[in-house]
Structure formats: C-alpha cells, structure tokens
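*Asks:* Chains as they are written, first to last, in the numbering used here: chain U, 1 to 98; chain P, 99 to 367; chain A, 368 to 571; chain V, 572 to 1151.
Hints listed in this document are in silico derivations from the structure and should not be mistaken for laboratory results.
Model, not experiment: these values are computed from the prediction.
Any given hint could turn out to be false.
Said to hold, decoys possible - Facing chain V, from chain P, some residues (calculated, C-beta under 8 Å):
(1) 132
(2) 133
(3) 141
(4) 161
(5) 165
(6) 169
(7) 171
(8) 186
(9) 283
(10) 287
(11) 331
What the hints assert, rightly or not - With a straight-line cut-off of 20 Å between C-alpha atoms, the simulated SDA-like cross-links for lysine to any residue are:
(12) A/486 <-> A/474
(13) V/876 <-> P/164
(14) P/144 <-> V/614
(15) U/8 <-> A/476
(16) V/1063 <-> V/706
(17) A/460 <-> A/374
(18) P/242 <-> P/231
(19) V/1063 <-> P/231
(20) U/68 <-> V/887
(21) P/262 <-> P/302
(22) U/8 <-> A/456
We put the CB at the ideal spot given by N, CA and C, even for glycine.
Residues per chain, in single letters:
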Amino acid sequence: MAHTLGEKPNIRPYIMVFVALMTLTLITVAVSYLHLPTMEAIALALLIATVKASLVACYFMHLMTERKLILWTLLLSAVFFFFVLVIPTMTAGNPITL
Amino acid sequence: MDRPLGLPEIASAHGAELDHATLLVHGLMFVMFVGWGLLFLYMLWKFRASRHPTAVYEGLKSKSSTYAEWAVIASEAILLVGFSIPLWSQRVDDFPAPSESTEVRVVGEQFAWNVHYPGPDGIFGRTDIGMVDAISNPLGLDRKDPSAADDVTTINQLHLPVDKPAIIHISSKDVIHSFMLNEFRVKQDAMPGMTIPLWFIPTVTTAEMRANRGQEDANYEIACAQLCGIGHYRMRGFVTIHDQSGFDAWMASEQALLAEDEGGDDFWD
Amino acid sequence: MSTTVIPYTTEIRPDTGVNNVKLGIWLFLASEIMLFGSLFAGYILLRTGNPEFGAGSGALSVPMATLNTVVLITSSVTMVLAWAAAMEQNFAKFRLYMGCTVMAGAVFLVVKGFEYSAKFEHHLYPSHSTFMAIYFTFTGLHALHVIVGMGYNAYLWIPGSKMFHSNPQQFANRVEASGLFWHFVDLVWIFLFPILYLLPDAAS
Amino acid sequence: MGESHAHHEKPGLLASWFSVDHKVIGIQYAVTALLFLFFGFTLMMLMRWQLAFPGEALPFGGLLGDSRMPGGIMLPEFYNQLGAMHGTIMVFLGVVPLAVGGFGNFVVPLQIGAPDMAFPRLNMMSYHLYFWGGVVMLSSFFVPGGSAQSGWTSYPPLSNIAGSGQTWWVFGMLFLIMSSLLGAINFIVTIVQLRAPGMTFWRLPFFVWAQFVTSFLLLLAFPAMQAAGVMQLMDRLAGTSFFMPEGLIVSGQAIANTGGGSPILWQHLFWFLAHPEVYVLILPALGIVGEVVANNTRKPLYGYKALVYSVLFVGFMSFIVWAHHMFITGMGTMMSAFFQTTTMIISIPSVVILTCLLLSLWGASIRFNTAMMFALAFIPMFGIGGLTGLPLGLASSDIHLHDTYYVIGHFHYVVAPGTIFALFAGVYYWYPKATGRYLSEKLGRIHFWPSLIFINGIFFPMLIQGLHGVQRRLFDGGQIYAHAQEVLHLNKVMSFSAWGLAIAQIPFIINFFMSLKGGAKAPDNAWQATTLEWLAPSPPPHGNFATVPTVYHGPYEYSVPGMEEDFLPQYVAGNVSSEA
Ligand code: HEA
Ligand code: HEA
Ligand code: CUA
Ligand SMILES: [Cu+2]
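In isolation and in its complexed conformation, chain U is listed as follows (with noise of 0.2 Å):
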C-alpha cells in the first residue's frame, strides 16, 4: 500500500462508506419487516450482507489497494470457505434412498 508516515490519509471514503453501512442496516432491517417470502427473504438478506461485508473489506481493511499476494492467500480460503460451506450440504442433500 502507499501509505507513508506523516501524509494524511484521504478519510473521505471512510465517511461514505460509513454512511452506506448505516443506510444497508437500516434496509435490510425493514425488508425483514416486510414478512417476503423465504426464498426471497433470504438471498435479499444475504445480499445486502454480502455489498456491506464488501464494503468493510475493500475500504476499511484496504483490500481495494492490496498487495497481490495477499488476496492471492485470502482467494485459497475462499476457495475452500466455498467447499466447506458446500459439500456438506450437498452429501446430506444425496442420501441412499428407496
């Protein structure tokens, strides 16, 4: 990262970002108001938590500007976050049946 001792650091996008948490809290809590049904309920859910998890990781944690190796490390526990998450599932979804 570029970042060197003594320069400030551009806050502004911190601040956005904050405001676009606030805004994602606030919408998910009020879709789940709304009793969706679901399906529908759960991917909306996820989503939205999955653009704040986004957010979090890309400017707080300064994923955006990262080095190479870093997301390289960070796309294996993906990867594996992924079949871990998955297979389970999936073998309990493929039982022997009559």
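Given chain U, work out where chains P, A and V with the ligands should sit, using these hints.
*Replies:* Using the frame of chain U, we list chains P, A and V with the ligands on its own:
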C-alpha cells in the same frame, strides 16, 4: 484360486462383481509395486557408491516414467468410470421393487441388532420411542396398531429367503453402528436419526454354506464395524438364509408364537 | 549477549510488498474465515435438514441487534480513523478515535449482556432448541472475538501508545493490524445479524 | 528498522524453557514429540498384549489399577481408551510436532538463510500451547471414567454421551489446534518474508516447499475442527444437540435432548480437518526424504519442478477428498462419484512425487549411511501404504474394506514405516547440525534392519486380516467372529513384532543420548551438502549466520560437471548450466 486375496466366500449376487473390481485394483497395485520395486532394487545395486563412484549430473533422461504415469492415470480412470461408479450406483440407486423383495428393518443398539419384519401384511407397524422397553419391546412397537399385529421382531437373528432380493432399512437407536455382512459384501453405517436402505440378493443358503465348508454349526454373521462403545467387539448377530419354503415355515412359526403371546396377554401391555 | 534482528518486521520487503505483521494478520484472518465458515456450514446443514429449525427465534430482539450493528459499524469507522490519525502523526486525534473504538466495543458487549440475560430470564438456554444452540454458540464465539480485539485496542490506546512517539511506523503498523482484526469481527457480525435475527423469522 | 530481540543467554533450564530461538524451540519440540511417540507406542504395546492374549493377565498389568486392568486383565473400556489416545497422541502430539514443530522449526530458517522465525515470541507460545495441550490430554487418563474412548475420530453421539475424559480431549485438541495455527502463520510468513538475498522460490530446498504447503494445510483445515470442537463442548457442557438427532435411547433410557442435530456434521468437519492432516503427516516426511536422497545420491533431485508442482497440487486437492472416509454413511451416487474421482486424482501427484524420488537414484553414486537407509526404505514402504489407499478410495471396494484392519494397515504403512522412518532419517541427517556430533553409524544399522523387518511384521498381516474382513477396534481381536478365525493367529505375529520393534528402538535411544557427548565430531558441513543450513556453525549460534548469506543457485547442485568437488553449495557462486 478359490478365495483370491483371502476374501471371504461370496454368498450374494453382487459379490462377484464387487470382488472383481477389488481384484482389478489389486492387480494394478501389484504391477506398480513390482515394477517400481524391481527398478528400485536394480538401481540400488547398479548405482551404489562402491560400484559407481561418480554420479551423473543429468540423471535419467528417458521419458518412460511419464508414460508409466499416464498408464497409471488411464488405469485409475478405467477402474473409476468402468467399475466403481457403476457398481456403487447399482448398490444405491437400482433398488428392486419392494413388492418382489423381503423387506426388513434392522435397528442397531448398544450392543445388539433388532430385526423387524412387517409380517404377512407387508406393512411395518407403528413404533414409538415412548413404548420402548429394553427387554420386552426394544423397538417400541405399538401392538395396538393393526398393521403391527403380525409384525415379527427378533434380536440378532436375521432370516432371509434365498435368491430373492432383500431390502434392509438400517437405523440406530443410540450411537453409530455399522451393519456388516461379510459374505454378502454388505456394509452400511447405522446412523441414529436416519433410516438408510440397502439391498442384496442372497444366493447361498445356510445349509449349502455348511455343506461347502464342511462345518455343521457354521453361521453367517452380522458384524458391527463401527466403534460403538465397550461392547463393540461382541455386537454380533446371525443370518440364516433359507430356501423359500424354509423361510415361509420360519415365518409361520413366528406367527404362531405371536398368537400364543396374544393369548397370554399382558406381555405387551 | 547476542542480538537477532528479524528483517521486515516494520519495513516492507520490496519483492513481496508487505511487512511480516501485515502478512501474519491476514493469514490469521484466513484461518478465521475457515472457522466461521465451518460454523456456517453447520448452520446450513442443520437448518436445511430441519423444518422446526426456527423454534425460539422469535424471542430474539431485532431492535437490540440493530443497535449493536450500528455500534459495531461505528466502531469500525472510528478504528480506521484512528489508524489514519496514527499515519498522520496526530496523537490527540488518535487517542480520541481509539477511545471511541474501545468504548463502542464495550457498549456492544453490554448490549449483548442484556440480550443474554433477557434470554435466560425466559429460560431460553442453549439447550432449548437447535436455533438457540446456534445463537449462543455463534454470538458467544463472536463476543469472545470482540473481547480480544477490544483488549488489544485498549492496550494500544493507553499503555502501548508510548510507541507512538518512539517508533511511529511500527506503531501505525500495529494499529493497522489490530484494525484488520477489528474490521473482520465487524464483518462477521454483518453476516450473523441477518442469519440469526432476521431470517429465522422469515422461515417460520 | 527491525524489531530486535536482545537476550542474555543465561544457561539453565528456565531460560531455555522461555527461549525464543527457533533452534532451541525446535529441539524442545523434537524431544517432547519423541517422548510422546514413545508413550503412544507404549499404549499400543499394551493393546497388542490384549490382542495377542485376549483376557489373559499381563504380568504386573494390575499395577495400572482396578479401573483399567484388574488383576492384569484389560477391561474393554480401557482398551478403547488406549486406542483413542494412541491415535490422538501419535498424530497430534507425536508426528506433527516432530515433523513441523521440530524439524520445521530447526531447519526451515536455516535453509532459507534467516536469522530466526518471523515471530520468535509467537513461536515460543506455539510450543507452550502444544506442551499444555499434551498435559491436558495425558491428565485425562486420571479423571473418573478415564480418558477419551470414542476413537481418535470421536464420532458423536458416542463421544457426546461418553465420560468426562472426552471433554478433556476436546480441550486438549483446542490447545493443539491453536498451537498449530500460530505455528503455521509463523512458517508461512518466515518462508515468504525472510528468505536470504537470491533465495527465490524456485531455489528453495524441497523440504522448505513441503513445510510451506503443510503450513497452509494446518492454517486452513484446522479451524474446521476448532468449530467442531466448540460445538461438541456445547453439546457436552451446555446441553445442546448439534450432533444428536432426537429420540435417542441409550441403554433403554430416552435421552433428554432437543434433537435436530446431525452426527454427519461432525464427520464432515472432522474429516475436513483430518484428511488434510494426513498430508500434514506425510509432506514434511517427503521433504526430509528429498533432502536425504539428494545428498546421498550426490546428484540433483530428479524433476525438482515436478516435485514442487505435485506438492502444491496435493495440498490443494487434499481439501476436497475428505468424504472418502464417509462412503458408508449413506452417500448417493453423485457425491460418492465426486469424492472417488477427487481421491483418484490426488493419488496421481503422489505417484509423481514417489516416482521422482525413486528416479533420482538413476545415475547416482549412492552412499548407504543410516539416514539414507531410512530414506530409501521409506520409498517402497510408502508405496505399499499409498497403493493400498487406492481400493479404499474406490467406493465399491471400500464396501468390503471400510472399518477393517485393511484401513489400519493402509495408514500405518504410510505413517509408521513411512513417516516415522522419514523422521528417523531426519534425525540421523540433522543431528550433527544440532549437536556438532554424528550419531553412531553402527548403532544406526542395528536400529535400522530390525526396525524394517519388525514393522512389516506388524503391518502386513493387518492387510491380510482386513481382506478377510476383520473389523478394527475390536477389544478381543475378533475372537468371536467366524470370519476372523483363519487369521486370528496373525494377532500374535503382529504383537510379537510390535514388541520386537520396541526392542529395536533401544539402540536408537542409546545412540541419541550417548552421542551427545561421545559421538564423532562433525564439521559444519557434515555431509558435504549444498543447502544453507550447512553454512552455519554446528550447533548454530543465536542468529544463525555471522553474515547474511547470498544464494547463487538451486538447492541440489551435486556433481556439477567440470567441478572438482562433487557438491556446489547454494552460498558459493559458480557456473551451473541449469540455472533456474
Ligand atoms: C500419512 C498419512 C496418509 C496418506 C499419505 C494417505 C494417502 C492416501 N489415502 Fe489414506 N488414510 C490415512 C492416512 C493417509 N492416507 C489414515 C490415518 C486413514 C484412516 C483414518 C481412520 O479411519 O482412522 C486413512 C484412510 C483412508 C481412506 C478411508 C478408508 C475407510 O475408512 O474406509 C481412504 C479412502 O479413500 C484413503 C485413501 C488414500 C489415498 C487414495 C491416498 C493416496 O494419497 C496415496 C497415493 C500414493 C500412491 C498411489 C503410492 C504411489 C507410490 C509408488 C508408485 C511407489 C512405489 C515404489 C516402490 C515399490 C519402490 N485413506
Ligand atoms: C502417526 C500416527 C501413528 C503411528 C506412528 C502409529 C504407530 C503404531 N500403531 Fe497405530 N494408530 C494410529 C496412528 C498411528 N499409529 C491411529 C490414528 C489409529 C486409529 C485409532 C482409532 O481407532 O481411533 C491407530 C490404531 C492402531 C491399531 C488398531 C487398534 C484397533 O483398531 O483396535 C493398532 C493395532 O495394532 C496400532 C498399532 C501401531 C503400532 C504397532 C505402531 C508402531 O509402528 C509404533 C512405532 C513407533 C515408533 C517406532 C516410535 C518409537 C519412538 C522412539 C523410539 C522415541 C525415542 C525417544 C527418544 C530418543 C527421546 N495402531
Ligand atoms: Cu455396534 Cu460397533
Ligand atoms: Cu483421507
């Protein structure tokens, strides 16, 4: 060879195919081990320091190892696609019609196998864990349910007719067990909270097996293959394969016993 | 006496572009991703296999959780501002923002405490249902992370801040590392919030 | 600016107990792990008594107490405790700490030309967590009801309803996991960040690559077990039922639990850890064998790049084969096909690795020292272990073989004459670096040959028993089962071999301690080797190298044509045709 690799004798219809696949893999393993092994010993002898004092920087230049690796890949692919996957699918997808099969429930518990037949009506009676009694009613069978009236239960005794598909529904009351019939090439974990079906066709009756082995009192056994506590090692049951008339006779005798118990009353209540 | 100097503790190694601490903390977060990933896997498996999953979920308080979400997001932004202040070499600002971050962490835990005791009052324990088991396990483990993060932030805030003057670069690195952890804790909460508080409701 | 650690090297135990020097920590790890290995082996020898002579009293066995061996006759619960703890101790307290904590710690920083690990204090913490994890595990033998007894796999519901020893097991595991995680982070950062000038990735010794991949496995696979452990603790202590469905009846009593849990969930999370874990057991071993083979063939390793790519690929794939341990749990065709396929795929790079190591012998000038003998024996022994993995990986043949002694035979071939032999090779190879003295070659031979013979005497019969269908974890060795009768006599063969193997370790133990003072003095470069650890003095001082070494070429420049010496160290400039 009668029993290649010491595999147990086969007493089920699918056993031969399964063993065939097992033997093929072992063939591949044998070829690889002997091939690489001979090369290994040859190199140890040929390139020992006292005989070959200066090493060659480039080492081996031949491409043959690459070919060998491709051969291994090809053999594994054939074993996988040509044998293992179809055989597995046959075990778990191609169930015979229940109407043409003997259906049985087997429920594992520490440390016994409870066997439950639907009886002549072909319907398993209702069970309820509230009614379980460790001794008199280990399955919690509700005898008041009409379809339960003719249900036969045994402990550690599985009876099946020969040459007719058997469908066995495996489950467990407490911990994980594993239902293993060695000669029938059957193994299925008994998972608490799940009922998992398996099927096979017994092809050799107990009487024939005794004659073949020349042992009067030999039995097919149910083994428990999953660690299930201190009695795991003695969680053994027995399988008796009858010819059809023998099985019918056995079932009839069980029905007669049931009727007797009915008369004696208060046994089930 | 001998002295070992570990290179790249503070300064960046040119060919990899990171210092040791930065890489270390990201690796740690990678393992944390797998930890929470495994928990989520449990959540999905138990939820899809079970129609009565939501039992007891109605008892959770969405307003309290929303409040906590707001608190945690706020603490995340003050955390990054504290880092910015450390980079900028403004000690007063650093003290202020770091103080806010630590306080927000404390507020989060207090609200969590109220939530827990409300559950206990209604005799809702982890053993009540699968959902309650998951609720307490996930939020408990998350709270543990909040405590650890808050502890280290508090250390940097007062006792550890001596280094602000003696070794500003290393201090800024530490604040950054602590921040990465703190943001991650926030990020986990961002997912816990809907799956625990908002969605079971929708399912039932 | 670098963080500096100033130490006044006080002699004395306390100072070295809290040492942050990677070499001291490495030796602490290694010695502790060897003791645990020995202890795990002792547990096994007790079990082998019961298997060879079921129900007969072991002389002096009664000393172990009436809750374990009343009158010297083993109780089944004690047998189960021994089995679970043997597995756990061997894997988590023996081999991993020796391979990664011991050899990794000692050798990796030296091989990459670093002064120490990247985070020395964290390193000390890893060791202490490991140590206390071990203490917790061992203390569990003394809690009421004894230690964990549900197998090293600890499958619930059995482990959920087991006695309090199981709780200790989980706590112990959490310690060990934490230790491994910290260690893994430390290794990765060290290897990425602290390589000496000129030490590019393609110049790393194979051992370093193996440790690098191993660290990723530890880092990303262990958390699954951490999560599972936390859930099991909740089940045991807070009354939840993550792993228990409803309606369980244990010995006639309905269990009051809410249900809704799944025993399969534990298996997924456990094997998500434990499959990569088995490669954690083997990769460092392969690394050691690579080093020893290169050095004693006096030529470069055959296919260095293929080796590295294979190790990377094995590491990656090891995360997606785990359910091959679960074929029999009720898996449909689709998922079983997936896991069979990934399992076959992962065996290919293993074949490539073994083939490369084997073909490194072509054109060599083989020096048969003890380290090399163990490394050479590793190759066919791992071959047997690996090859017997294939029928297990094919779900159709696994139906017959699952949970039989065939599995036990399979994995002991890879871990015992496989990994343990490689670790022995490592001890013989690096001992001069750590102590400045050689181990005795003569005692080495006396250690090697009987070990090789006895270890096959233990494990080959297991494969035979397994093919007959004898199940594992049987307290009486299968006595009551008809299908075991033909192969029952093998139990005695195995047990006597196991005790023979124990006797064969005596020369090693003598050698290990006697050579500290009495061994032949070794020069810094004890084996005319090329990698950087041999540049440092033996034993290396704090900080390792007087000046930071510069690396000029790949790790195994042996017998470079046109050179007088038959080795060209990495730290010596020279003309090499095959520059990476
Ligand atoms: C170090 C540990 C280790 C290693 C490396 C392996 C390697 C492999 N394992 Fe093993 N395995 C275990 C440790 C290990 N395993 C353990 C501990 C268990 C049991 C756990 C329990 O249930 O308690 C187990 C169980 C296990 C099972 C589950 C069985 C069951 O419970 O039913 C399966 C199934 O697929 C399997 C498959 C494989 C395969 C395909 C490989 C492959 O990676 C192997 C590939 C290697 C080769 C194919 C060898 C090639 C070599 C040559 C060609 C050289 C020959 C050379 C000469 C002769 C000179 N293993
Ligand atoms: C790394 C793993 C590892 C290792 C090395 C071993 C090594 C050995 N194991 Fe074990 N074993 C397991 C892991 C391991 N095992 C596991 C996971 C199980 C399954 C448990 C379960 O069912 O849950 C198992 C189960 C198991 C069983 C089956 C029990 C049953 O199913 O009922 C048996 C049976 O004989 C057995 C035997 C042996 C023997 C004889 C050795 C021998 O090879 C031991 C050889 C050891 C040495 C050679 C070390 C000697 C050490 C020294 C000499 C140190 C000297 C010290 C100093 C110098 C300070 N093991
Ligand atoms: Cu039931 Cu083992
Ligand atoms: Cu595996």
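*Asks:* Determine for every hint whether it applies to the structure shown.
*Replies:* So, going through the hints one by one against the coordinates:
1. At about 10 Å, the closest approach between the beta carbon of residue 132 of chain P and any beta carbon in chain V exceeds 8 Å, and the interface hint on this residue is violated.
2. Contact between residue 133 of chain P and chain V, as hinted, is not supported at the beta carbon level, the nearest pair being about 11 Å apart and thus beyond 8 Å.
3. With 8 Å as the threshold, the beta carbon of residue 141 of chain P comes within range of chain V, its nearest partner Cβ sitting at about 4 Å, so the hint holds.
4. This hint is violated: residue 161 of chain P has a C-beta 11 Å from the nearest C-beta of chain V, more than the 8 Å allowed.
5. At a threshold of 8 Å, the smallest CB-CB gap from residue 165 of chain P to chain V is about 11 Å, leaving the interface hint violated.
6. The beta carbon of residue 169 of chain P is not positioned within 8 Å of any beta carbon in chain V (closest approach about 10 Å), and the interface hint is therefore violated.
7. Taking 8 Å as the C-beta contact cut-off toward chain V, the hint placing residue 171 of chain P at the interface holds, the least distance being around 6 Å.
8. At its closest, the beta carbon of residue 186 of chain P sits 5 Å from a beta carbon of chain V; the interface hint therefore holds under the 8 Å criterion.
9. The beta carbon of residue 283 of chain P is positioned within 8 Å of a beta carbon in chain V (closest approach about 6 Å), and the interface hint is therefore held.
10. Taken as an interface hint, residue 287 of chain P checks out: its beta carbon lies about 5 Å from the nearest beta carbon of chain V, inside 8 Å.
11. Of the supplied interface hints, the one on residue 331 of chain P holds, with its beta-carbon coming within about 4 Å of a beta-carbon of chain V, less than 8 Å.
12. For a cut-off of 20 Å, the pair hint linking residue 486 of chain A to residue 474 of chain A stands: about 19 Å separates their Cα positions.
13. For the given pair, residue 876 of chain V sits about 14 Å from residue 164 of chain P by alpha-carbon distance, which is consistent with the 20 Å threshold.
14. At roughly 42 Å between alpha-carbon atoms, residue 144 of chain P and residue 614 of chain V are farther apart than 20 Å, so this suggested pair is violated.
15. Distance restraint check for residue 8 of chain U and residue 476 of chain A: the Cα-Cα separation of roughly 32 Å exceeds the 20 Å cut-off, and the hinted pair is therefore not satisfied.
16. Taking the CA atoms of residue 1063 of chain V and residue 706 of chain V, the gap is near 33 Å; set against the 20 Å cutoff, the hint is violated.
17. A threshold of 20 Å between alpha carbons decides the hint, and for residue 460 of chain A with residue 374 of chain A the separation of about 31 Å lies outside it, so the pair is violated.
18. Restraint check for residue 242 of chain P and residue 231 of chain P: satisfied, since their Cα atoms lie roughly 16 Å apart, inside the 20 Å limit.
19. Straight-line distance between C-alpha atoms of residue 1063 of chain V and residue 231 of chain P comes to about 42 Å, which puts the hinted pair past the 20 Å bound.
20. For the given pair, residue 68 of chain U sits about 19 Å from residue 887 of chain V by alpha-carbon distance, which is consistent with the 20 Å threshold.
21. This hinted pair checks out: residue 262 of chain P and residue 302 of chain P have alpha carbons roughly 11 Å apart, not beyond 20 Å.
22. With a CA separation close to 8 Å, the supplied pair residue 8 of chain U and residue 456 of chain A stays within the 20 Å bound.
Of the numbered hints given earlier, the model fails hints 1, 2, 4, 5, 6, 14, 15, 16, 17 and 19; all others are met.
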